[in-house]
Amino acid sequence: DAGVIQSPRHEVTEMGQEVTLRCKPISGHDYLFWYRQTMMRGLELLIYFNNNVPIDDSGMPEDRFSAKMPNASFSTLKIQPSEPRDSAVYFCASINQAVSSYNEQFFGPGTRLTVL
Amino acid sequence: GNSVTQMEGPVTLSEEAFLTINCTYTATGYPSLFWYVQYPGEGLQLLLKATKADDKGSNKGFEATYRKETTSFHLEKGSVQVSDSAVYFCALSDRTGGFKTIFGAGTRLFVKA
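Protein chains in written order, with the numbering used here: chain H, 82 to 197; chain X, 2 to 114.
Hints may be right or wrong, so weigh each one.
Unchecked claim - No farther apart than 30 Å at their CA atoms in a straight line, the calculated lysine-lysine pairs in the DSS-like style are these:
#1 Lys57/X with Lys113/X
#2 Lys101/X with Lys159/H
#3 Lys69/X with Lys113/X
#4 Lys61/X with Lys78/X
#5 Lys101/X with Lys105/H
#6 Lys69/X with Lys57/X
#7 Lys61/X with Lys113/X
#8 Lys101/X with Lys53/X
#9 Lys78/X with Lys101/X
#10 Lys149/H with Lys101/X
#11 Lys61/X with Lys105/H
#12 Lys69/X with Lys53/X
Stated by the list, open to error - Covered stretches of chain H (chain X as the covering partner; in silico rule of three or more C-beta atoms under 8 Å from a C-beta of chain X):
#13 127-137
#14 170-178
Simulated from the structure, these hints should not be mistaken for laboratory data. Note that the structure is a prediction, hence the values are computed from the model and not measured. Heads up, the beta-carbon is just placed ideally off N, CA and C, and yes, glycines get one too.
All chains, full assembly: derive it from the sequences and hints.
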């Protein structure tokens, strides 16, 4: 099994540019989570989906952030326009709730975003 | 609401020393408890879990016991290795709150040879 796949692994962009982060969850997993990790704020849940439907986006910091899940095997997190304070590592994670009775999350390797 | 509090790091130990990382939680229901580990440059991965009171989770020499009376889930290892250097996250998940997992702030462990 390939695990959760994220791309790109590293992204460097300039302030004001649009950034799109991509995630492919483990096949058959029905929950997908987006997190942001910084030294100052730790690991923050941004949004999560169940069967491609957004369930809770209360962690999305502001309107510049948006996330979509057009199908069960793909999700995007978009920042437009990007700002230096968005620099962080962004993780995607997935769960198969039918198999995991205790909600183990499987994390991708992360995308390190640097906004100059 | 649910929350997790774990000891601040960094924790620096010599190889073969005993490790304890404290974790306490607040939950309204009956959560499952976890320790995740994050090695440099990688995502989090599950280290061990416990799904009910008095359960002991164990993996790779690490152990943690679900203590409902003290609302704690402390991580221990009898003899750490350099390869255990990582960030450790205590976490809980309670299905009454959906499928969200609440993570602690993380504790960085450095093990010196």
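Tested hints:
1. Lys57/X with Lys113/X: The given pair, whose Cα atoms are some 28 Å apart, holds under the 30 Å limit.
2. Lys101/X with Lys159/H: Roughly 21 Å between the alpha carbons, so the hint for Lys101/X and Lys159/H holds.
3. Lys69/X with Lys113/X: At roughly 34 Å apart (the allowed maximum being 30 Å), Lys113/X and Lys69/X break the hint.
4. Lys61/X with Lys78/X: 9 Å, holds
5. Lys101/X with Lys105/H: The given pair, whose Cα atoms are some 19 Å apart, holds under the 30 Å limit.
6. Lys69/X with Lys57/X: Holds. Lys69/X to Lys57/X sits at ~12 Å (cutoff 30 Å).
7. Lys61/X with Lys113/X: 19 Å, holds
8. Lys101/X with Lys53/X: Satisfied, since the Cα-Cα distance of roughly 18 Å is no more than 30 Å.
9. Lys78/X with Lys101/X: Given that 30 Å is the threshold and the Cα spacing comes to 28 Å, the pair holds.
10. Lys149/H with Lys101/X: 18 Å, holds
11. Lys61/X with Lys105/H: 29 Å, holds
12. Lys69/X with Lys53/X: Status holds; Cα separation ~9 Å.
13. 127-137: holds (count 4)
14. 170-178: holds (count 4)
Of the numbered hints listed earlier, the single one contradicted by the structure is hint 3.
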